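Engineer: Single-letter residue listing:
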Amino acid sequence: AQSVSQHNHHVILSEAASLELGCNYSYGGTVNLFWYVQYPGQHLQLLLKYFSGDPLVKGIKGFEAEFIKSKFSFNLRKPSVQWSDTAEYFCAVNWRGRDDKIIFGKGTRLHILP
Amino acid sequence: DGGITQSPKYLFRKEGQNVTLSCEQNLNHDAMYWYRQDPGQGLRLIYYSQIVNDFQKGDIAEGYSVSREKKESFPLTVTSAQKNPTAFYLCASSMQGVTEAFFGQGTRLTVV
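If you read the sequences in order, they're chains A and B.
Per my numbering: the first sequence ends with 114, consecutive numbering throughout.
Per my numbering: the second sequence ends with 1112, consecutive numbering throughout.
Treat the hints loosely; a few may be bogus.
[Said to hold, decoys possible] In silico DSSO-like pairs for lysine-lysine, Cα to Cα no more than 30 angstroms straight-line:
id	chain 1	residue 1	chain 2	residue 2
1	A	Lys71	A	Lys49
2	A	Lys101	B	Lys1071
3	B	Lys1083	B	Lys1014
4	A	Lys71	B	Lys1057
5	A	Lys101	B	Lys1009
6	B	Lys1071	B	Lys1009
7	A	Lys101	A	Lys61
8	B	Lys1057	A	Lys49
9	A	Lys106	B	Lys1083
10	B	Lys1083	A	Lys101
11	B	Lys1009	B	Lys1070
12	B	Lys1057	A	Lys69
[Unchecked claim] Just a sample of chain B residues kept apart from chain A, beta carbon distances all over 12 angstroms, derived:
id	residue
13	Pro1008
14	Gly1016
15	Ile1051
16	Ser1067
17	Thr1079
18	Ala1081
19	Val1111
[What the hints assert, rightly or not] If you anchor each label on the Cβ, the simulated ranges turn out as follows:
id	chain 1	residue 1	chain 2	residue 2	range
20	B	Ala1081	A	Glu66	42 to 48 angstroms
21	B	Thr1110	A	Glu66	37 to 43 angstroms
22	A	Glu64	B	Thr1099	16 to 22 angstroms
23	A	Asn8	B	Glu1069	39 to 45 angstroms
24	B	Thr1110	A	Asp99	30 to 36 angstroms
25	B	Asp1030	A	Gln45	19 to 25 angstroms
26	B	Thr1005	A	Ala17	37 to 43 angstroms
27	A	Ala1	B	Asp1038	15 to 21 angstroms
28	B	Ser1022	A	Ser80	40 to 46 angstroms
29	B	Val1052	A	Arg77	37 to 43 angstroms
30	B	Val1052	A	Pro79	44 to 50 angstroms
No wet-lab data here; the hints were simulated from the structure.
Model, not experiment: these values are computed from the prediction.
In this text, a Cβ means the ideal position worked out from N, Cα and C, and glycines have one as well.
Please model the entire structure based on the sequences and the hints provided.
Structural biologist: Given below as structure tokens:
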């Protein structure tokens, strides 16, 4: 069955620290990859996405992610976090050509200390 | 403004009653989705629809039903058979081929 794993359930960092959140998906062919963010009290919004091409993609608010096909991974990174990055982050995958189903990971709750 | 509208924002029901959550989109998207969000569980797919008059079960469809009579509407019914219905429900839509999913504001359902 298709699945998405996020390894870090709760991360606490100080401002200016670097961030890396892990995401792995089950094997199943060609994929579309997404990272979403949910700020407290707000709806889910897209941070970045990967369909093809350069495996290093840049998103909003200084976030980037790297697709490593051999590891079935799509890790999210930010060189220097801010207090305003406190939120929950979700990795999501669509297995292209199979159907339009989008599977989400369980999320990582990020807390930035001021 | 284009977007996805879920109503109501908060919903209370007595145990044993069916309840229908509304989801409307004016983005002209073909695919629509219902997810359930619980703390520590992420978003779990309940049902999705790729085209009008067709829909597929997701990972946790038991106790739920949907219809897709119009492209812009994808209502979700939480039936009395759903053992733990209290949750936050999110509706989303995307273009065919899944370029990106757009989400509504969600409906928080409390069953007492």
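Engineer: Determine for every hint whether it applies to the structure shown.
Structural biologist: Against the structure, the hints come out as follows:
no., hint, in the structure
1, A:Lys71 - A:Lys49, "holds, 18 angstroms"
2, A:Lys101 - B:Lys1071, "holds, 17 angstroms"
3, B:Lys1083 - B:Lys1014, "holds, 13 angstroms"
4, A:Lys71 - B:Lys1057, "holds, 29 angstroms"
5, A:Lys101 - B:Lys1009, "holds, 25 angstroms"
6, B:Lys1071 - B:Lys1009, "holds, 22 angstroms"
7, A:Lys101 - A:Lys61, "holds, 27 angstroms"
8, B:Lys1057 - A:Lys49, "holds, 25 angstroms"
9, A:Lys106 - B:Lys1083, "holds, 21 angstroms"
10, B:Lys1083 - A:Lys101, "holds, 24 angstroms"
11, B:Lys1009 - B:Lys1070, "holds, 22 angstroms"
12, B:Lys1057 - A:Lys69, "holds, 28 angstroms"
13, Pro1008, "holds, 15 angstroms"
14, Gly1016, "holds, 30 angstroms"
15, Ile1051, "violated, 9 angstroms"
16, Ser1067, "holds, 18 angstroms"
17, Thr1079, "holds, 22 angstroms"
18, Ala1081, "holds, 23 angstroms"
19, Val1111, "holds, 22 angstroms"
20, B:Ala1081 - A:Glu66: 42 to 48 angstroms, "holds, 43 angstroms"
21, B:Thr1110 - A:Glu66: 37 to 43 angstroms, "holds, 41 angstroms"
22, A:Glu64 - B:Thr1099: 16 to 22 angstroms, "holds, 19 angstroms"
23, A:Asn8 - B:Glu1069: 39 to 45 angstroms, "holds, 42 angstroms"
24, B:Thr1110 - A:Asp99: 30 to 36 angstroms, "holds, 32 angstroms"
25, B:Asp1030 - A:Gln45: 19 to 25 angstroms, "holds, 21 angstroms"
26, B:Thr1005 - A:Ala17: 37 to 43 angstroms, "holds, 38 angstroms"
27, A:Ala1 - B:Asp1038: 15 to 21 angstroms, "holds, 19 angstroms"
28, B:Ser1022 - A:Ser80: 40 to 46 angstroms, "holds, 42 angstroms"
29, B:Val1052 - A:Arg77: 37 to 43 angstroms, "holds, 40 angstroms"
30, B:Val1052 - A:Pro79: 44 to 50 angstroms, "holds, 45 angstroms"
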